[in-house]
Every structure is written in C-alpha cells, then in structure tokens.
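Chemist: Given the structure of chain A, go ahead and fit chain B with the ligand onto it with the hints provided.
If you read the protein sequences in the order shown, they are chains A and B. With this note's numbering, the residue at position 9 of the first sequence is 9, and numbering never jumps. With this note's numbering, the residue at position 100 of the second sequence is 100, and numbering never jumps.
Do not take every clue at face value.
To be verified - Sample of chain B residues lacking proximity to chain A, with all beta carbon distances greater than 10 Å (derived):
| hint | residue |
| --- | --- |
| 1 | D4 |
| 2 | S7 |
| 3 | V12 |
| 4 | E17 |
| 5 | R32 |
| 6 | L50 |
| 7 | T73 |
| 8 | G99 |
| 9 | G112 |
| 10 | A118 |
What the hints assert, rightly or not - Sample of chain B residues at the chain A side, in silico, Cβ under 7 Å:
| hint | residue |
| --- | --- |
| 11 | Y10 |
| 12 | P15 |
| 13 | G30 |
| 14 | R40 |
| 15 | G44 |
| 16 | E59 |
| 17 | T69 |
| 18 | I101 |
None of these hints come from the bench; they were simulated from the model. C-beta atoms are modelled at their ideal positions from N, C-alpha and C, and glycine is treated no differently.
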Amino acid sequence: MTEVLPEPVTTMPNPFRMDYTYVAGTGRSVFLRGLAERKLIARRCAGCGQVYLPPPEFCSRCLTELDAPFELDGRGVVSTFCVVSFPFPGQRIDPPYVVAHIQPHGAGTRLMHLVREIGPEDVHIGMEVEPVWVSDDELGTSLLSIRHFRPVHKGGADA
Amino acid sequence: MTADSLSAPYTVEFPFERTVGPKIGTFLGGLRDGQLYGVRTARGVLCAPLEFEPETGAETGELVPVANTGTVTSWTWVRSRPGDPVPHDFAWALIAIDGTIGALFHAVDAGGDSGRMATGMRVRARWRAERVGQLSDIECFEVAS
Ligand SMILES: [Zn+2]
Numbered sequence: 001m002t003e004v005l006p007e008p009v010t011t012m013p014n015p016f017r018m019d020y021t022y023v024a025g026t027g028r029s030v031f032l033r034g035l036a037e038r039k040l041i042a043r044r045c046a047g048c049g050q051v052y053l054p055p056p057e058f059c060s061r062c063l064t065e066l067d068a069p070f071e072l073d074g075r076g077v078v079s080t081f082c083v084v085s086f087p088f089p090g091q092r093i094d095p096p097y098v099v100a101h102i103q104p105h106g107a108g109t110r111l112m113h114l115v116r117e118i119g120p121e122d123v124h125i126g127m128e129v130e131p132v133w134v135s136d137d138e139l140g141t142s143l144l145s146i147r148h149f150r151p152v153h154k155g156g157a158d159a
Numbered sequence: 001m002t003a004d005s006l007s008a009p010y011t012v013e014f015p016f017e018r019t020v021g022p023k024i025g026t027f028l029g030g031l032r033d034g035q036l037y038g039v040r041t042a043r044g045v046l047c048a049p050l051e052f053e054p055e056t057g058a059e060t061g062e063l064v065p066v067a068n069t070g071t072v073t074s075w076t077w078v079r080s081r082p083g084d085p086v087p088h089d090f091a092w093a094l095i096a097i098d099g100t101i102g103a104l105f106h107a108v109d110a111g112g113d114s115g116r117m118a119t120g121m122r123v124r125a126r127w128r129a130e131r132v133g134q135l136s137d138i139e140c141f142e143v144a145s
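Pulled out of the complex, with its shape left as it was, chain A reads as follows (with noise of 0.2 Å):
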C-alpha cells in the first residue's frame, strides 16, 4: 500500500505552568515582613539550638515551637554558589552571574541570593558578604528587598 503520509511535524509545543497561592504562613510571614524593614529576622530552637533564618513556626528537627524572633545583620558567607551562564525566559538579569547559597553569621540555615560587584572568576567558597538592600519606596515583603549581596571590604584598614 502506497499511503500519501502526512509532513511530519517537527517540533511541538510543551507549556508546563502552574498557577498557585503561595501562603507563607505565619512564621514565615514575620521574616517577609522584617525584609520590608530592612531587617533579617531569625528565630532558634530551644531544643536543639538550631537558628533558622528564615524562620517556620517550628523546629523540623524537634518540632518545638522556636523562641522570639531576633535580628540578624545579614552579614555571612558564601557556601556554594554557581555561575549562571545560560539565557531564559523571565531571567531579569543578564548572564554570567553568580546564585549563592549563603550562611549569614548567627544562622545554622542558608538564604539563596545573588553575588554581584565582583567578577564571577573571583567569587569563592567562604568569602564574607553582605546584603545590598533596594531603596525606601522597592522595599516589600520579599527577598526582593535585598538587590543582592556583595563582598565585605574590611573596614579601612588596607584601604
């Protein structure tokens, strides 16, 4: 049998989206709140003294509720991190840059955040970092508030 086949298609379309609510919850709505005052807030464990930042309502190692929340400077270190080298839809900053898993002092837990004002090839692990905080009228309750974070130039003294 000779079939006159159709033109193959070559390609197809494969839109995965989902539409949520993201509900912060309560323990989590009062770091995202702290973000709009320039402020990081954590909260420990009594139980076990692990500092979470940010922080849920319990502890997921004792599931006790955590003590009263406290600031923190933000100030930390780069744990790990990556360099974004490859262009996507909805990306809002041009590659390379650098995503960092950062640990800010006082934490036993990690924020994720850009690293900029510094080349890609000189960020390490262990280096100290501080946020860059958006101005007054960008500040809301989201990371958002922090711009990025940015190495610490030790204070003066080889300046």
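Modeler: Below, chain B with the ligand without anything else, positioned relative to chain A:
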C-alpha cells in the same frame, strides 16, 4: 493566627518545545490534516504511535490511517478548569481506537453528565476547524450513539 499569614500569586512556567521524532511527527501531521494515524507493529497497529514497540523495543513500522472512533477503556471525571479542552465538567479517558492496539489519552465530552460515562462506551473524535499539528487538534471525543 493564619489570618497573619501573607500570601501571593505564584506561577511556575517552563515554555518548552520538544522535538517529536519521525513517527509521532507524522501522527501530528495527520492530526493537522484531520486524520488519525497508527503505526504497524508485530502485535498490530499501535495508536497513539511510538517510535519503538514498548513490549519488545523493536522499531515500529509504517504509519497507516485509522478510524476516528474508539472505545473508552478507562476514565476519570474532572471539573473543568481554565485551559481545559471542554468548558463544562468532563472525563479524561483512555480510548482504544478501532482496529488498533494501545490507547489514546484524551478528553471525553459527555455533556457534563458523568452518568453517561462507562467503560466500553463508544466515542468519536471531534476535530477543530483550525488545526496546527497538535493533540489539541482533536478538541475532545464525544459520545457516539
Ligand atoms: Zn530543634
């Protein structure tokens, strides 16, 4: 205390395109032309087609036109949401196309009445007027009396 919780809309989106390969590509080309195709295998004509026979791994053979009617082998009733193929509640179903092996996964429009759904029921493809070479060129299957 949940009233104290912040919430915000949150959308995850990956706008992929995928290459489909020659067999599925021809199948999709058939959809664009308003004709379902299956692919020959040692066990019979497989629809929807695959590049390789899932039981043996052997390469499948030529594509052949098949009927646009079939039998529901399994189904589940769902509420219609934005973006769904049917504007009222409907069924997602596995449909054994007549004269083929395998099953095609698609929507069945039972007029919003789940009581009309049954395994073994007969259905027919409802084609869109404007077709582009995607599975959605079949709007859905409808109950064939
Ligand atoms: Zn604990």
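Chemist: Does each hint fit the structure? Answer for all of them.
Modeler: Cross-check of the supplied hints:
1. Non-interface status of D4(B) relative to chain A is broken: a Cβ of that chain comes within 10 Å, the nearest being about 5 Å off.
2. With a closest Cβ-Cβ approach of about 5 Å to chain A, S7(B) is found to fall inside the 10 Å limit, against its non-interface label.
3. A beta-carbon of chain A comes within 10 Å of the beta-carbon of V12(B); the shortest separation is about 5 Å.
4. For E17(B), the shortest C-beta to C-beta distance to chain A comes to about 5 Å, within the 10 Å cut-off, and the non-interface label is violated.
5. For R32(B), the non-interface assignment is contradicted: its Cβ lies about 7 Å from the closest Cβ of chain A, within the 10 Å cut-off.
6. For L50(B), the requirement that its beta carbon stay farther than 10 Å from each beta carbon of chain A is met, with the minimum near 15 Å.
7. Remark: the non-interface label on T73(B) is consistent with the geometry, its nearest Cβ contact in chain A lying 25 Å away (cut-off 10 Å).
8. No Cβ of chain A approaches the Cβ of G99(B) within 10 Å, the least distance being about 15 Å, so the stated non-interface status holds.
9. Look at G112(B): its CB is around 24 Å from the nearest CB on chain A, clear of 10 Å, so calling it non-interface holds up.
10. Every CB of chain A is more than 10 Å from the CB of A118(B) (nearest about 31 Å), matching its label as outside the interface.
11. For the restraint placing Y10(B) at the interface with chain A, the shortest Cβ-Cβ distance is roughly 4 Å, inside the 7 Å limit, so the hint holds.
12. Interface hint at P15(B): satisfied, since its Cβ lies 5 Å from the closest Cβ of chain A, which is below the 7 Å cut-off.
13. Interface hint at G30(B): satisfied, since its Cβ lies 5 Å from the closest Cβ of chain A, which is below the 7 Å cut-off.
14. Contact between R40(B) and chain A, as hinted, is not supported at the beta carbon level, the nearest pair being about 11 Å apart and thus beyond 7 Å.
15. With 7 Å as the threshold, the beta carbon of G44(B) stays out of range of chain A, its nearest partner Cβ sitting at about 16 Å, so the hint is violated.
16. Proximity of E59(B) to chain A is violated relative to the hint, the smallest CB-CB distance being about 16 Å (cut-off 7 Å).
17. Given hint, T69(B) at the interface with chain A, is violated; its Cβ is 20 Å from that chain's nearest Cβ, farther than 7 Å.
18. Checking I101(B) against chain A by beta carbon gives a least distance of about 19 Å; that is not within 7 Å, so the hint is violated.
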